[in-house]
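Start from the sequences, fold in the hints, and give me the full structure.
In the order they appear, the protein sequences are chains A, B, C and D.
For the first sequence, numbering that gives the first Met the number 0 gives the first residue as 0, with consecutive numbering after it.
For the second sequence, numbering that gives the first Met the number 0 gives the first residue as 0, with consecutive numbering after it.
For the third sequence, numbering that gives the first Met the number 0 gives the first residue as 0, with consecutive numbering after it.
For the fourth sequence, numbering that gives the first Met the number 0 gives the first residue as 0, with consecutive numbering after it.
A hint or two may mislead.
All copies of an identical chain are treated as equivalent in the list; a pair is satisfied when it fits inside any one copy or across any two copies.
Under the rule of at most 30 Å between Cα atoms (straight-line distance), these lysine-lysine pairs were calculated in the DSSO-like manner [what the hints assert, rightly or not]:
(1) LYS291 x LYS75
(2) LYS74 x LYS94
(3) LYS94 x LYS252
(4) LYS221 x LYS75
(5) LYS221 x LYS94
(6) LYS291 x LYS74
(7) LYS221 x LYS252
(8) LYS94 x LYS291
(9) LYS221 x LYS74
(10) LYS75 x LYS94
Treat the hints as calculated values from the structure; they're not laboratory data.
Given next are the chains, with one letter for each unit.
4 protein chains.
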Amino acid sequence: MSRRTIGSVRTDLAIEAVEELQTQTDQVPPGVLMDQYQSFPGVHVTHVDVLDESAAQNMGKPIGTYITIESQALKKRNRTVQDRLSETLSSCLQKMLGKGSNDAPILVVGLGNENATPDALGPRVVNLLLVTRHIQEFVPEDLAGKLRSVAAISPGVLGTTGIESEEIIQGILSQIEVGAVVAIDALAAREVNRLFTTIQLTDTGIHPGAGVGNNRPPIDEKTLGVPVIALGIPSVVHAMTIASQSVGILIDKLRSSDPAYAQLGELGAAERGQMIQDALSPVVGDMVVTPKEIDLIMREAAQVVAKGINSAIHADWDEESIAEMMA
Amino acid sequence: MSRRTIGSVRTDLAIEAVEELQTQTDQVPPGVLMDQYQSFPGVHVTHVDVLDESAAQNMGKPIGTYITIESQALKKRNRTVQDRLSETLSSCLQKMLGKGSNDAPILVVGLGNENATPDALGPRVVNLLLVTRHIQEFVPEDLAGKLRSVAAISPGVLGTTGIESEEIIQGILSQIEVGAVVAIDALAAREVNRLFTTIQLTDTGIHPGAGVGNNRPPIDEKTLGVPVIALGIPSVVHAMTIASQSVGILIDKLRSSDPAYAQLGELGAAERGQMIQDALSPVVGDMVVTPKEIDLIMREAAQVVAKGINSAIHADWDEESIAEMMA
Amino acid sequence: MSRRTIGSVRTDLAIEAVEELQTQTDQVPPGVLMDQYQSFPGVHVTHVDVLDESAAQNMGKPIGTYITIESQALKKRNRTVQDRLSETLSSCLQKMLGKGSNDAPILVVGLGNENATPDALGPRVVNLLLVTRHIQEFVPEDLAGKLRSVAAISPGVLGTTGIESEEIIQGILSQIEVGAVVAIDALAAREVNRLFTTIQLTDTGIHPGAGVGNNRPPIDEKTLGVPVIALGIPSVVHAMTIASQSVGILIDKLRSSDPAYAQLGELGAAERGQMIQDALSPVVGDMVVTPKEIDLIMREAAQVVAKGINSAIHADWDEESIAEMMA
Amino acid sequence: MSRRTIGSVRTDLAIEAVEELQTQTDQVPPGVLMDQYQSFPGVHVTHVDVLDESAAQNMGKPIGTYITIESQALKKRNRTVQDRLSETLSSCLQKMLGKGSNDAPILVVGLGNENATPDALGPRVVNLLLVTRHIQEFVPEDLAGKLRSVAAISPGVLGTTGIESEEIIQGILSQIEVGAVVAIDALAAREVNRLFTTIQLTDTGIHPGAGVGNNRPPIDEKTLGVPVIALGIPSVVHAMTIASQSVGILIDKLRSSDPAYAQLGELGAAERGQMIQDALSPVVGDMVVTPKEIDLIMREAAQVVAKGINSAIHADWDEESIAEMMA
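In structure tokens form, the structure reads like this:
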């Protein structure tokens, strides 16, 4: 789980960064293109393009494309909508992958800690993928070259391996041919209602701690030399974010209810942010906010993502004939 | 996980209820006795006795004894202090159990949902207990009557069984002889720094939703007809609680920093509570705050509790000779 | 996991008991009716009716009906056939349940140990059921009485609870109204190719250790006072069984290959069984034979069974509208 | 899990290969040195040195040292003996590591599939290690150079990653400095009583399928360029092995009981092996034999191994001060 900070609140989602800037200026920030549509009833897709360096600075997000797929289906355990979500994810991912050569082997990387549920999205998805790199030689001749080669790895987290994920991936790329990397990671959101309702796809890769003085290496096309698509679902809001938002909401409420509280508005955002940080940080520490039934929801989320990836990559195949071949 | 409410914040801990009242009046509430000591360096024990009905109303806790054992050992993974914690728990539990006959069979009940990590304390502890009811007949004759009979069950939660835990326990008591019940449950705290740093023991049993209009049946001596000791560790703070506290802390800070904010103090606690509830409830919903590494910490917590219970109940035995006999 | 013995080999499957007797006499045993059909391509159903006490003695199985559903789908991870398997299971179960009143509440019991994978079928299925007993009051009025009331429990195993499952079920029946019990359990087979390819349904309940000097109480209509349907899937073959079979196969092979070995045939089955028991029991002990990927296969098996039960019980409902109501 | 074959039975244990040869010739095979002692009551240590290529061919094991530590403690859950086992493992491992430079960083590799219990030893051990490579810069100055640098990875299995473990390890070695590799893996034994009672350490690395026409790359000093110590515990016996042994035992029994069966002895071992293979292979297939409580025993085994490795590598440190530093 990487993270970044806007004011005092952290988000990994480009769409939340846009919304934050929009609340301040009432318009889409300069240098940013935004486009929205429904792929299915109940499934909303938003494209955000960060066009230049100035917009990137402003957003706290690198230049590139960010696709957000939104739906309540994961949380509500609605299978029908979950299948539509997988299908939407599949077609968005195909478009991003399509920029590279179509038959290059793909390496899917499941970032995060399998043994810490809120951080386990990546490894759980990897466990559900149809991996085919090692069975290429068993593909019947008339189909040769049609079953896309996929490898997958869950490199673990720095705290339990002592090795940066980026180092492990670099190492694998030094040994095997890879055309593109798809990196899966659990994300941190700013809004509680984003938890398990949003999937973000981006061609900018993963930038841990961008802008927060964190020197951990990015996992992107520049460092790895091949296209890197990052795919994530927010699973936590930092408790500090909740604390900070609560204060903001109450201040707004007080100001609108009684002119005597008008002066609260004079507190600048930055100043307020610092005061909140100082006051609350010792109280809420490193805690995270999650749904209590996170074990169950995470399982459903992993299934939806894995189904979307399998279908995007092995578009011309059905799962059963692959399973048969691997048996 | 049961819960109750103080102002707008929920706590299952008697010690937090006392603290809340103390901050208002600067003294231990009337009808409440409180006693504190260290059992070991780094392990603090507090006895709270709620003596009469008026104190019980005031505290929102039934008449009875509440023992709180506090230590940073669970979170810090310090084995040495964890062992001291188990030992302290063991001797506190022995004292509470001692009120009943010493050789009566004990039923340990692991409340909560094994498949939702923050709620899994009870079932995890049950999995680690030395259960002996079924091997009484194999005990060597010279030791007969010395190995205490222990049974244990994890009844599941209403949402997955459709049956109240209390009904299942009642049912078991109708079939087998039981001298006392020890009920283990994950708790909700008000303060983040209570999470996995506090063990509460009480002879009042478990009262789900006492005072919050919740009609679920209590699990206590009155309903079951045998003494019921409840043992819990706080594993979550409700996100609503964090939100509410944050606001309180900032208001205090503002008031003390600038006389212009003095009027904020005029907002009564109840009024403030309602305003916070209205404003924040849609934002934070049913979310809970937990440590991100909860999977790991929960495992350590279950081990400490199980070790304490095993040692309290099978005081004259070592684990290995029991394990040998059960093999 | 219960078990019984035929000669020196153990099986929980009525169909294997019939087959054993058939190999000796080349015909269906007297007092036994047998009927076979395909419900779908790749899904075979066999009804075995044990009609009288003499047949029951002969078979080592109580008088009653045994339905066996066979398919390679669980092991081969073929979703299409898995769905047909669920559908077949659903209609067989409905017929058995239909003998009782249609609207009586059902208690599903998941026998076995959740934390020992080969024994975890029951608890895993229970975790996937749509339990409705506690939401009856929330059913919209026009649908009242149409959503069947279902409760479910995983009572654990004697070794970890110290209480017989039968005692726990009796206890629950003393507290809540139940029209029928469906008991799920992992079974032991005699043939390796039965593992995870067979589902057995029977109206005779569960008889742990019938005929092997085991005094554990049965879970059946006679003890509980309500109809008890047992549903199981074989997940292990006892290593002793494999050992014994291997010897039998080799002896047959030797005899048919060389007349000099003819005398081996003179060794009676019982004598041979005892010799094998004496020689091999110290070597193979209590070990069980399972597929190496049992964790994965068990998950699929639990899903197929849960889907079949949900569909049999809530025939007029779809999963989503129930999930919506429970949210 | 790698494997090799002796006659028709597979073993990964050098000590079983020696025993097999000893039963044929009644002496330690030429070119093999063998030495035995007790490190503690109940803990037996055997050194087997394979000295030359002819002995290696004979044994089916590469030239090198094999240390076997034997004890019933893992299966019997005896903590006291488990601690002695960890201590013995620690000192044996220190000796093997000592051949290399003492302060070189160590990479521990957990081979096998975390999600298939019998194959999960490696990943489970990795999860319990004290990994320090990433905290070297935080070590207090006066202790600098004294906390040994350890990294660890669970590369997954070919079937779920599509990448050979050897490729992943090679990749990591291309990125980070490593002085020695310790590779943990679950093993296959020939004798059931070896399951979870034996730890094997060897400086020859891992040779999957040596001698069985399997071309998977070895993980050893020759391929990796640094010393590779392999550490394993047998968790399965192949069902085929059990079948084959059973036949052998019965034949021996028959021959010794009745001269009429003497001719059975004329069946040569190879011939008998082939006949058994042909007759039984369709029956027992790819099944494995394990203890039914494997989930529990595997957990204990992983703890014992992890404790031994942690203690061997961080000899001058206690766990708590490392944990403190990492917090």
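Check: Checked against the structure, which of the hints given earlier come out wrong?
Finding: The structure breaks hints 3, 4, 7, 8 and 9; every other hint is satisfied.
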